[in-house]
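2 protein chains.
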Amino acid sequence: MAQKILQGKEDIYRGITIWTERNPVTPAEAPEILKRSIEQWTAENVHGVWFKVVNKDAFWVTILIANGFEFHHAQAGYVMLTKWLPTNKTPTLPRYPFTSVGVGGVVMNSKEQFLLIKEKRGIYLGWKFPGGLADPNEDIFQTAKREIFEETGVETEFETVITMRHTTSISSYKNVGDMYFVCAMKPKDENKIEPKRCPRETSACQWMTLDEITNLPSWEFHRFNKSILDAYLHWKQSGRKGFHMDKFEIPELRRSWSVYTAD
Amino acid sequence: MAQKILQGKEDIYRGITIWTERNPVTPAEAPEILKRSIEQWTAENVHGVWFKVVNKDAFWVTILIANGFEFHHAQAGYVMLTKWLPTNKTPTLPRYPFTSVGVGGVVMNSKEQFLLIKEKRGIYLGWKFPGGLADPNEDIFQTAKREIFEETGVETEFETVITMRHTTSISSYKNVGDMYFVCAMKPKDENKIEPKRCPRETSACQWMTLDEITNLPSWEFHRFNKSILDAYLHWKQSGRKGFHMDKFEIPELRRSWSVYTAD
Numbered sequence: 000m001a002q003k004i005l006q007g008k009e010d011i012y013r014g015i016t017i018w019t020e021r022n023p024v025t026p027a028e029a030p031e032i033l034k035r036s037i038e039q040w041t042a043e044n045v046h047g048v049w050f051k052v053v054n055k056d057a058f059w060v061t062i063l064i065a066n067g068f069e070f071h072h073a074q075a076g077y078v079m080l081t082k083w084l085p086t087n088k089t090p091t092l093p094r095y096p097f098t099s100v101g102v103g104g105v106v107m108n109s110k111e112q113f114l115l116i117k118e119k120r121g122i123y124l125g126w127k128f129p130g131g132l133a134d135p136n137e138d139i140f141q142t143a144k145r146e147i148f149e150e151t152g153v154e155t156e157f158e159t160v161i162t163m164r165h166t167t168s169i170s171s172y173k174n175v176g177d178m179y180f181v182c183a184m185k186p187k188d189e190n191k192i193e194p195k196r197c198p199r200e201t202s203a204c205q206w207m208t209l210d211e212i213t214n215l216p217s218w219e220f221h222r223f224n225k226s227i228l229d230a231y232l233h234w235k236q237s238g239r240k241g242f243h244m245d246k247f248e249i250p251e252l253r254r255s256w257s258v259y260t261a262d
Numbered sequence: 000m001a002q003k004i005l006q007g008k009e010d011i012y013r014g015i016t017i018w019t020e021r022n023p024v025t026p027a028e029a030p031e032i033l034k035r036s037i038e039q040w041t042a043e044n045v046h047g048v049w050f051k052v053v054n055k056d057a058f059w060v061t062i063l064i065a066n067g068f069e070f071h072h073a074q075a076g077y078v079m080l081t082k083w084l085p086t087n088k089t090p091t092l093p094r095y096p097f098t099s100v101g102v103g104g105v106v107m108n109s110k111e112q113f114l115l116i117k118e119k120r121g122i123y124l125g126w127k128f129p130g131g132l133a134d135p136n137e138d139i140f141q142t143a144k145r146e147i148f149e150e151t152g153v154e155t156e157f158e159t160v161i162t163m164r165h166t167t168s169i170s171s172y173k174n175v176g177d178m179y180f181v182c183a184m185k186p187k188d189e190n191k192i193e194p195k196r197c198p199r200e201t202s203a204c205q206w207m208t209l210d211e212i213t214n215l216p217s218w219e220f221h222r223f224n225k226s227i228l229d230a231y232l233h234w235k236q237s238g239r240k241g242f243h244m245d246k247f248e249i250p251e252l253r254r255s256w257s258v259y260t261a262d
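Same order as they appear, the protein sequences are chains A and B.
For the first sequence, counting from 1, position 132 maps to 131 in numbering that gives the first Met the number 0; every step adds exactly one.
For the second sequence, counting from 1, position 112 maps to 111 in numbering that gives the first Met the number 0; every step adds exactly one.
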């Protein structure tokens, strides 16, 4: 065997990315090839090495950890490890996302009733607005629509973002935060608003008037939900657009964003 | 050796979490112990298995992948793999965060000049507002303050969120999105606003009047930055609070959030 070196893709930050699936190597020869590659990259002044290990090449993980690589992130199908080579420069490898996004919706119908649910699992929080975690590639309003439909069977349309709750540390994982957006939504068709609760996620689901909600004891309608309701009523009375969404496109950069701005 | 079973922590969703550091096992005995453990968990109707492998126990990764585990996420120090045991139920294991959070700031001083920078690396985008990626445990306004200070040397205070740009897919990783908040900020001390550019990140940094900005050619001040400036001026003229922040605490649940609401 010749003096094989791992082949990868260079980036504008003096980094190199190695995909194991493009570098077929046996577990026996891997440590020696890695050693030679690191020597060459160091000589070439490579800064950060990104090493993507796909499931079938999982044997690489032990070897990389033994050679000073660190876990960066993982998704179904692969784990990414990194190593910063310069000994005289501070590492500047970017972090992987650590913020979870959830979206809920306040839905009011033409009779001024609000759509509320009770969750089946978790800490008992009484009646609340439907919502849940975003899926990848979903815009805020898409998550709101999907979650409301899944939990209540009611189809809705997006109006505005009323409020956003940010927690910088949640208990599930270390160094992870959570953003929860609450949208004002309206029924897509006022004639099709009969709630059908989701047997897997919700234990109850119904429309309630403002009076009915206001008369609930505090453990059946928590303070935070009350503050959301107040923010919704404030927005509705103001006649303004609130933190509303517009699409923004820059064709020459092939970029398209949803932009939320307070009117 | 007795019929050893991996010991973990059960959760309210019929899940179990195994930490390798609390289950010292040799690479040779690991496959058999894992097999027995999975048999027992299946018999006990465990749904999701969470397997946290710390760096020193990296040998577990190959064994877990070979036994149908999948990568869930990783952070420096460990990788988490999961396996859903029920064959007749849809997996409901929650996703790891996939949204990156960045924050920038529009800073106007008492002479109605705006603080602008040019970045040192990346695609040339001309003059722009300072900002960057959030760090873990940072609130939006903290990121704005820190990034503006790092890039310009100017200390600022938070006023409101003017706009938020959401991209549901970015090119760096698959299934990852990005939220970029732009805040209105003001100098902490009007007598200490001399810009000191960051030699590592910025190639230029200065205050410019609205006229000077308006006279820049489009490649020196991009359309998106123009839209941010317009949103800032709109907010300033309205005299309203915009998408402003309040702290919200529920002592009985030991929870504290930053809540952003459009006034």
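For the record, the hints were derived by calculation from the structure and aren't laboratory data.
Any given hint could be a false lead.
Cut-off 30 Å, straight-line C-alpha distance, at most; resulting in silico cross-link-like pairs (DSSO-like, lysine-lysine) [stated by the list, open to error]:
#1 B:Lys195 - A:Lys88
#2 B:Lys110 - A:Lys8
#3 B:Lys195 - A:Lys51
#4 A:Lys246 - A:Lys187
#5 A:Lys119 - A:Lys82
#6 B:Lys235 - A:Lys55
#7 A:Lys173 - B:Lys110
#8 B:Lys195 - A:Lys246
#9 A:Lys51 - A:Lys119
#10 B:Lys55 - A:Lys88
#11 B:Lys117 - A:Lys82
#12 A:Lys246 - A:Lys117
#13 A:Lys88 - B:Lys117
#14 A:Lys51 - B:Lys119
#15 A:Lys88 - B:Lys235
#16 A:Lys240 - B:Lys195
#17 A:Lys82 - B:Lys235
#18 A:Lys235 - B:Lys235
#19 B:Lys55 - A:Lys8
#20 A:Lys185 - B:Lys127
#21 B:Lys110 - B:Lys8
Owing to the predicted nature of the structure, the values given are computational and were not obtained by experimental measurement.
Results for each hint:
| no. | hint | in the structure |
| --- | --- | --- |
| 1 | B:Lys195 - A:Lys88 | holds, 22 Å |
| 2 | B:Lys110 - A:Lys8 | violated, 48 Å |
| 3 | B:Lys195 - A:Lys51 | violated, 39 Å |
| 4 | A:Lys246 - A:Lys187 | holds, 21 Å |
| 5 | A:Lys119 - A:Lys82 | violated, 44 Å |
| 6 | B:Lys235 - A:Lys55 | violated, 56 Å |
| 7 | A:Lys173 - B:Lys110 | violated, 44 Å |
| 8 | B:Lys195 - A:Lys246 | violated, 35 Å |
| 9 | A:Lys51 - A:Lys119 | violated, 39 Å |
| 10 | B:Lys55 - A:Lys88 | holds, 26 Å |
| 11 | B:Lys117 - A:Lys82 | holds, 29 Å |
| 12 | A:Lys246 - A:Lys117 | violated, 34 Å |
| 13 | A:Lys88 - B:Lys117 | holds, 23 Å |
| 14 | A:Lys51 - B:Lys119 | holds, 28 Å |
| 15 | A:Lys88 - B:Lys235 | violated, 42 Å |
| 16 | A:Lys240 - B:Lys195 | violated, 39 Å |
| 17 | A:Lys82 - B:Lys235 | violated, 46 Å |
| 18 | A:Lys235 - B:Lys235 | holds, 22 Å |
| 19 | B:Lys55 - A:Lys8 | holds, 29 Å |
| 20 | A:Lys185 - B:Lys127 | violated, 37 Å |
| 21 | B:Lys110 - B:Lys8 | violated, 60 Å |
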